[in-house]
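Chains as they are written, first to last, in this note's numbering: chain A, 1 to 483; chain B, 1 to 292.
Mixed in with the good hints, there may be bad ones.
[What the hints assert, rightly or not] Quick list of in silico lysine-lysine cross-link-like pairs, BS3-like style, CA-CA up to 27 Å: (1) A:246 <-> B:122; (2) A:258 <-> B:217; (3) A:82 <-> A:257; (4) B:122 <-> A:142; (5) A:257 <-> A:481; (6) A:452 <-> A:439; (7) B:237 <-> A:481; (8) B:259 <-> A:481; (9) A:40 <-> A:24; (10) B:238 <-> A:258; (11) B:259 <-> B:99; (12) A:341 <-> A:23; (13) A:257 <-> B:238; (14) A:70 <-> A:90; (15) A:246 <-> B:99.
[As the list claims (entries may be wrong)] Derived coverage of chain A by chain B (criterion: at least 3 residues anywhere in the stretch with Cβ under 8 Å from a Cβ of chain B; other residues may be distant): (16) 137-151; (17) 208-218; (18) 247-254; (19) 434-443.
To be clear, the hints were calculated from the coordinates, so they are not data collected in a lab. Computed from a predicted model, the values in this text were never measured in an experiment. Using N, Cα and C, we set each Cβ at its ideal position, and we do this for glycine too.
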Amino acid sequence: MTSKNKNWEYSPSLESTGHIKLKKKYDLFINGKWTKSSSKKYFKTINPNDEKLIAEISHANQNDVDLAVKSARKAYDTVWSKMPANERGKYIYRIARIMQERAKELAVIESLDSGKPIREARDIDIPLACNHFFYYAGWADKLDYAFPNRKISPLGVAGQIIPWNFPLLMAAWKIAPALAAGNTVVLKPAETTSLTALKLAEIIEESGLPAGVVNIITGHGDTGASIVNHPDINKIAFTGSTGVGKIIQKAIAGTDKKATLELGGKSANIIFDDAPLDQAIEGIVNGIFFNQGHVCCAGSRLFVQENIADKVIRKLKHRMKSLVVGNPLDKNTDVGAINSKDQLQIINKYIKLGKKEGAELYQSTCSIPKKGFFCPPTIFTNVAQSSILVQEEIFGPVLTIQTFRTVDEVIQKANNTPYGLAAGVWTDKGARIFNLTTKLKAGVVWANTYNKFDPASPFGGYKESGFGREGGMHGLSAYLKLS
Amino acid sequence: MKRVEILKTYKIYSGGKFPRTESGRYYMALDKKGNPIANMCLGSRKDVRNAVVSARKALGAWSGKTAFNRSQILYRIAEVIEGRKSQFVEELILQGSQKNSAIKEVEDSIDRIVYYAGWCDKFCQIGSSVNPVSSSHFNFSTYEPVGVVGLIAPQDSSLLGLVSLLMPIIAGGNTCVVLANESLPLCSITFSEVLHASDVPGGAVNIITGHISELIKPLSTHMDVNALAFSGLNELKKEIDLFSVENLKRVRSYDLNWKNTDTQGLHYITDFQEVKTTWHPIENIGGATSTY
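Could you build the full structure based on these sequences and the hints that come with them?
Written as structure tokens, this is what we have:
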């Protein structure tokens, strides 16, 4: 049965956008006020589903960054570092509560601006973002318990630069622990997905958080560079590509700026012949097609034990046929729009290169919208370990499939990458799970599951996937000076 | 007639062996007055690379030992030094220390080794956690060694500085390539003999003597070194940071007087650990209503 069979097609089920409030133009949120950029420049943010303009966003320049850092410094010196920790926590709780109240609006805007399916924004991104604030709020007055025998103090002003794949969630991952630990913040969202961060600024305004404690400034790479290079910033927190992570490391070399980097990945998802196959197939799909594969920890390298490879590939292809690719706001949509034209070009470049290398391509046969940026779920079989598809992060719905015979072989293959963010293992055998989880060089290992996140669970990579952890008790140390 | 003394030949320690530097070069270690006291190996780029290969090879054996066993091996290091205390004291005096401070340095070093011996099978329990996630999963975080660590030994003491950073690195299951104190190198090589006699697997610790300025680059640019530690050397910090970017080495720089008693602690171990988080589903059928 194919999706062409009209009898079984879903009727559209579009989420309404009537209740969301968006301005036509957004300025910078500095020192608690909406401030015009001295650059006087605005850039457009568009809906990747239909390429229509959503709003215009201010392009902050070096002067704006300086103003934001100054207000963050002032707020740190005069208010935030002096406030009793439990009071600090109460503000963070307030932010969490208002986010929960406005969750629906945030989910719709997130889906509109980023291209992710509304189901994911509604059920994963936004609840996790709210929960992250709620979780860290409670840490504010309990920090001493996390670091026995150490003296703790906040770092000061944190400069935070976040990506476009989980816009609001990444803002929450950055801001919540920074505030709980007593720092003030200058945050820059990615240029294609500024809107939910700006909505968060509205929420922060509504919460009565003292002016300057959180400053949200929008812009491009140059804005980010100004944050990284600003001499009065004590801490850089960055989530994004390994390439940019290295540029940041070079920029702050020899300084006392503390950094946490959450960078790229090329995570292995390993299926053994005793795995519960139907669950594993769901795990493969969730691992690589969740959020169009725009996931740093995406299970983009599938390793299947040789004796079940044919069966797994057959089942996977069958499952791919039922994935709905289309309007992100449609509640039936499984795979939404690629975030930007640029990213779509990058993904298509890799698909082309893969074909040229001789890898075997299979794409799901679903219909793809004519307008907007879309890429059908794609798998490549017959790929070598040396293939560019296996070596490089694609950041799209593209999966490579390799086979293995023994445990040793798959550990060696899985670890044969400069990255080390995450890994998945599917087997019914507990002893084997623990063998693999200890030998895989990755910060997060999902056994018989994939792509699960939680505020209480530390996240972050080994090797060139970056350093530092976000989430849980371990996420606090990124924002504290311990002596 | 006075007996002719046997003078000691100081060599490097690499892969569990005591070879001369592959470069065949030497430099002279001098005493305080500038008189030569020993010919030291002037280690080379290639020595560093060989040592990294050995350290990588030894990582499985060392990190794979039980934490309890590592604890015993570290304790054994302390035992062996205790028995050779006078040799270290003599070397320290030869390099310019007063007798009392030499004795104190050796004793403090032994005590610090014992301190870290005790941590081997305990630090993980303190920093690990079972994380109460809001879904039906068992989720826990624990430490794993970061891997191969490059250590530029503190340049202000011959023994105590080296011990203060090397012990937390290996207590946590890492293997290590050490650039020895350049001007006070004697104790580091004698210390490697102690390691050799203490069941530390060959290659787990490698110690190279030579010019720090020459060896920093091959060590800190090496793509198979996962982390780098040094103390002081503030004038080289930027250079070392830059060298370390390409494979995102974890760079740990300290600016401490290792004689102080507060320069030991749990965090010197966890500075060289990665946090790994593991998830597994919890079955949620059957017995759902039982409260027993």
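How the hints compare with the structure:
no., hint, verdict
1, A:246 <-> B:122, "violated (34 Å)"
2, A:258 <-> B:217, "holds (23 Å)"
3, A:82 <-> A:257, "holds (22 Å)"
4, B:122 <-> A:142, "holds (23 Å)"
5, A:257 <-> A:481, "holds (11 Å)"
6, A:452 <-> A:439, "holds (20 Å)"
7, B:237 <-> A:481, "holds (19 Å)"
8, B:259 <-> A:481, "holds (23 Å)"
9, A:40 <-> A:24, "holds (15 Å)"
10, B:238 <-> A:258, "holds (14 Å)"
11, B:259 <-> B:99, "holds (16 Å)"
12, A:341 <-> A:23, "holds (24 Å)"
13, A:257 <-> B:238, "holds (12 Å)"
14, A:70 <-> A:90, "holds (25 Å)"
15, A:246 <-> B:99, "violated (48 Å)"
16, 137-151, "holds (count 3)"
17, 208-218, "violated (count 0)"
18, 247-254, "holds (count 5)"
19, 434-443, "holds (count 4)"
Hints 1, 15, 17, counting from the list given before, are not met by this structure.
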